[in-house]
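Undergrad: Here is how the chains run, residue by residue.
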Amino acid sequence: MSDLIDGRLEIRFTLNGEEVTAEIDLAERLLDLLRYRVDLPGTKEGCAEGECGACTVFLDGLPVDSCLVPALQVRGRRVDTIESLDPSRLDPFLRTGATQCGACTPGVVMTGVWVRDHPELLEKHTIRELMAGNLCRCTGYDGIVEGVEAALKDEEARRQSETRLPPSARE
Amino acid sequence: MKRREGLSKLSGREPYVDDLPLDDFLWGATVRSPAPRGRIRDIRFPDGFDWSEFVIVDHRDIPGANCVFLMEEDQPALAPGYVRHVQEPVLLLAHPSRAEVRRAASTIEIEVDPEPAILDFRVPPESEQIQYGDANVIKRLEIVKGDVEQALAEAPIIVEGVYETGAQEHVYLENQGMIASLDGDVLVIQGSMQCPYYVVKALAPLLDRDEDGLRVIQTPTGGGFGGKEEYPSTIAAHAALLTLKAGRPVKIVYDRDEDMAATTKRHPSRIRHRTGVAEDGRLLAQEIEFTLDAGAYVTLSPVVLSRGIIHAAGPYSCDHVHILGRAMFTNRVPFGAFRGFGNPQGCFAIERHMDVIARRLGMSPVELRRVNLLRDGQTTATGQVIRDGTDRVAVMSRALGLSRYREKREAHAEYNAGHPFLRRGIGLSTFYHGAGFTGAGEVYLDSRVHVAGLPEGKIEVRTASTEMGQGMITIFTQLAADRLGLSAGEVIIAAPDTHRVPNSGPTVASRTAMIVGHLVEKACDDLRRQTGLVDSARGKVVSAAIAAWHREHEGEELIGEGRYEQPPGIEWDEETYRGDAYGTFAWAAHIAEVEVDLRTYAVRVLDYLAVQEVGRILNETLARGQIQGGVAQGIGWALLEEVVSRDGAMENTQLTNYIIPTSGDLPPIRVDFLENPYPYGAKGAKGIGELPLNGPPPAVANAVADALGDLLVEEPCAIPLTPERLMELLDADATDRRSA
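Chains as they are written, first to last, in our numbering: chain P, 2 to 172; chain X, 132 to 871.
Extracted from the complex, chain X is given alone in its bound form (with noise of 0.2 Å):
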């Protein structure tokens, strides 16, 4: 089936938010902190503006508590007189005219009384720079397998390094919106988010409301990437805290630089790996420091190392495991969401050890590989049995098959010998990811989904999943459509609004096609028996079926429900972090080929192929774009996208200084899908969005070491691999003399 809003998005037709018709609106605009961490002690009206004409919101109009909730209740939607980070939001205008708003907004000035801040998570704070708990951590959490220090203790060979990686920001090319206006008593949020329910959660408590006094409905959404889990929820406390002062619409749409400079981005991240390996290559021991800077805020920190940790040993067997966690706090714009969630750090980091081993060991990296990748009946980390039946050796062997692997290493072995300035490289990185939320999370959220029989015979799937790009309408259509027998056309896919809307959670973690569509589809079997139908009919009986029950009960609604149970066998202990971190994990071999330049320290791609086991593929290209999406952000992370960083916020605001790869910077990225169908899965899908993106930055850095060779006096083992950075690793000497 063709994306369904394909062609509506295609012909412009698409409303994102910032194309709603609206009348006799307002726009909204935020004044920030310029200063890291202090009391505020003054803001200044400049002259020159009528500030009558504006309406002004500060922390003091909060109707309720003031904090966004979502884990903790520590972020305020307003700073109260006090701010934590640059950026944060401290006053709140609205005027009919955009640039008006815009224009007065940037002149207002805030004095901040500074205190000491902490902006670099890797140093150790001084008692003036603690802010939380004693020593700014945010969270802690330990994996422990087996006895480290004793098998390290043991081990013939111990390798160490330490790798790191840089925030990276989104880049959902549709900017964050939202429009809150009233509709008698109930309080409506109109946005681009990827979880109506969290922004409900969010503002009940902030606006003194019940539930049902606030209705929150997703626009189409244009790009979300984890970027719209959290964030969402200030912007639409913002423009609600308006409208109630204002008794007007009030629209916030965020320009460029204030998205990238304001909203969260991807965790920057240091990890030390100290791992005993035997001479014939097999992992003896792995001690893992795992540490993320959080930013000034709570925030998703704690899920996101959460995932991190329970990644970071990699797709490998090993009966000796310590990994340790840590979210340090810094006065840093908060860091959030974003596709992965922790474990393309983790990745980094485990994959570029891989390959260090490896040169230390003499062993080529596909065998030091082989030898460790985890077989059925072994455990990861937490202790999970792994026993799906994938052949994760044979995942990576068609990876090696497809790329012709051996033939390029010896082909670039005689081009690098000639010639003067190129070197071609070739590196592979193998991993996995857990797909929904971890451990008991499913449990938690107790997801429901509806699909209503209507009168004319057609059924709606009510879900609060949202579609970003990624495909859930397409999806959810055929996934309703095959379980009843109906055509697309009989299937509508409901606005996830939540006055319409069960909770089926949030559209995250790769659930929405795994989890969220197999609810669909027990909603569809729950609807079928309330008809009076067996299970397996299909088709026109089925819509006969439910135009008779409309007969039968007018003025009902005939509603089936799915909700969410978890699959049998699944164990985990929130306390200790053993057991069933996931129900089922998607494994992966990515292939990257590069070309550095010695003149330009320019690294290219030359060529990409991304195998992966994912479950059922329900859709052909709809996954396939998934995977060439993720790797092209992978890449771009890897070699171009460098937050810069200055006071804790981002610098270069501009996608004129902050660089994506564009069509020309990316070969053909060849994708390749192997299917073990995974039983509780719909139709036997497991979750595909997030894992892209963990394996190309270790595949293309593992290429560039393979470049380079014995030029490098140092390995590659912090990304983005900029030009600048590489000439750092580069023996200047010995490159002179070779590209001379």
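This is chain P alone, in the form it adopts within the complex (with noise of 0.2 Å):
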């Protein structure tokens, strides 16, 4: 590889909808990189291991666990974060208490942001299993369901709604 200099490597990626460029150590982790080297502290570490979920981004739009996640691998693909959402629209979790000491929540919000965007996933799933990969100590997780159910229906609600407006004010 022409590009890797002295044990490092120059990669560009898509992060958060930007393109950007990295140097990165060999060895390094796609959650090190995120954490201490571009200041998205937002994805957190909390077994190192792929256990806890707590490091959950998406890669090319389906959760890892990014402490599993070499840098070098994401060289030519997009990478969202927890900064990447809007949010406004996080309400479900909210209210129903999904979040308490908040050091698992970026990873349960990202894996609950997936199911709400991909509905489908429950003909075969519970919600109890498409959440089983996000370790949580404090809410015994039905804030956490509750929630993930709560933004599959504002998200439906927002669907139809605005499949009802005229196409000229669709964007």
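Please keep in mind that the hints were generated in silico from the structure rather than gathered at the bench.
There's no promise every hint is true.
[Stated by the list, open to error] With a cut-off of at most 25 Å between alpha-carbon atoms, the simulated SDA-like pairs for lysine to any residue come out as follows: (1) 133(X) to 6(P); (2) 154(P) to 129(P); (3) 133(X) to 115(P); (4) 154(P) to 752(X); (5) 133(X) to 65(P); (6) 133(X) to 63(P); (7) 133(X) to 86(P).
Two chains, two separate frames, one set of hints: put the complex together.
TA: Quick look at the structure:
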């Protein structure tokens, strides 16, 4: 690889919708790149071994544990973190009590939003199954499960109200 | 009101200690003892590192007394040549690169000349294993009510049982972390913690500084559960020592492995019950031996033991009670505060024991409890007269009704007779939790709260209470806004910063909403009075009066103060352990329904119902979340969470092999509140945070015993009830026959 200089590599990828370039260490985890080098500390480290899900981000639209992804693997790909979400659409999680201490929350929200945006998953899986990759020690999960349910309902209502608008009003 | 900092957390903007921007700093790391006991012979720094790049600190760098002060002065910040447990901190390193400092720390070799360690608190120590007093007893406490010996001698039926609970790891999702830095002459500590003033008290003698030279600021804390009550003082001490030597900020953030291996856990317990019972089920005499594994230093073990024994006889009326409590020294990583603080251990024992008694009498567990639950006017083990107007039998009855207990028992009998390998059962626990510090503890704390009136008419609530997910920010906002008729936006909650907030005590013991919250109300009242308003003044009148006060007193601070006063009629004798142990108790009845798979011995909780009387509910969503989270943590301890120990330290220090419940492991946890306002709690609230962890382990174990019935050759008397442990309790032949 010609772009490998002194054990470091320059990579380009799309981060939260923007093209970025970063010089990475070959052993570097995506989690460290995000937290310590591009100032996106919203993604949390809980266990560093892919058990707790606190570091969940989207890689090409799929939720992954960023502690298990070598930074070099995101070369040319799309990464979206908790910072990319529109806070105004997170109210369903707020009103059901889906967050308490907040340390698992960014990961929970990423997975929850992924379920919200893929309601077809619920044809084969329950919300409890889909959220089982995100450990939470505060809520007992009821607030989280209800938050995902509420987000799905809000999303459904939003879709319906959009389809009711005249074509000219649609974006 | 919705959780006030909720959106900040949901959107990933909440700044935890490892998220704070920090320039020109070093990462700290800790080198720890490999041996449970002995003298350090040698510390070897291997080749392959340029050690001159590292800041290195050992016990000789400590300016003051080498101890992390809490209750006793026995625990060194850095081992002074002698170690008492594996993982004991010996040496500190700091370096600009986190990866490099961690690598370096893992290569340093500490050689210890081993001495005989004691690793099992249940075994009497050999003379060469004795390291505390004359029998390794760190604390001995006794409760005596009536004459147990005589009552046992006269009792027609005696039921005995020995109950054991294992250690439990907190697994707050945010690992422990601290930053130390210097601001002129002031040493500043920022980090994840429950008790900023504990850190001040611990660091002042260690660093030989007066308290003004220390400023401790709590950062948003990603879960505590007691695990961030005392241990953060040690990490703060380490970060401070490195900073003082390096002259630069130092950050120490543990990874999960280090956090699980080195920090405190729930005390393991062994509790023996010997109970005299009448034929109609009345408890005639309770003799209880209550033993905790304290580990290698005192930490908070005496007070954990205290709360444990005070609750150990259960919420039942019995005239003759003798409880002997002991916290034993071992060469294990010290055990410490964990939600429930001794009560979950005792609650497991008494509530399991009640079901064992019921089976011996051929009585239903419900009826046995109905006969014995405390009625108003009756007394607890310490002689505290309960007269709060709560009908504890009604709390249980409500749980029985909501869970359809009777119908389920019948349905289970039919299901179990027909199913080849699944067995269903239902279990009950009735329990209580005293809120606030024990006895005169709140008087000694002498908590204070300030509410400042700001020039623009807003107010700022200044307390040392910390937000760790339980909802302090939201609850204090509600209380202050309600008290003065202001909007939530007009109430600022100050960050806990010991240079800005008074000492309102630690954020522990289910005391924040009830006790500190009540002081917030009193401070609001005081503020209003100082502006010259009558007590009924609210809203715009209040903010206008605050603004007017400032126009007349330019440059001055307007501060209302609330100071703790003991409610009338509380009497507690610390010497005899007689009297009113707590201002009030919260009461609960929990019901678990389980299914046991006879092929795998796995237990699944099918339904869980928690009914509790916790005084006035201040915020339904937050209160429900406290109960559900506590229940989940209790179910985890009951079934999954096993701390495997090697040389006295936790060996399974990963979330891969220390298993906590996922959303897929739990049913919806149903919550129901009965409200009986407590006149001395904020708006009538009682403590809520710890209560829900007590009941689930016995409710689940009782349900497992109910499901398995006579397939059991032994009562389930120890948790966690892992499949391995359950297998040993079952009659293998009968199980094979039934599941064939």
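Undergrad: Which numbered hints turn out to be false for this structure?
TA: Result: hints 1, 5, 6 break, sorted rising.
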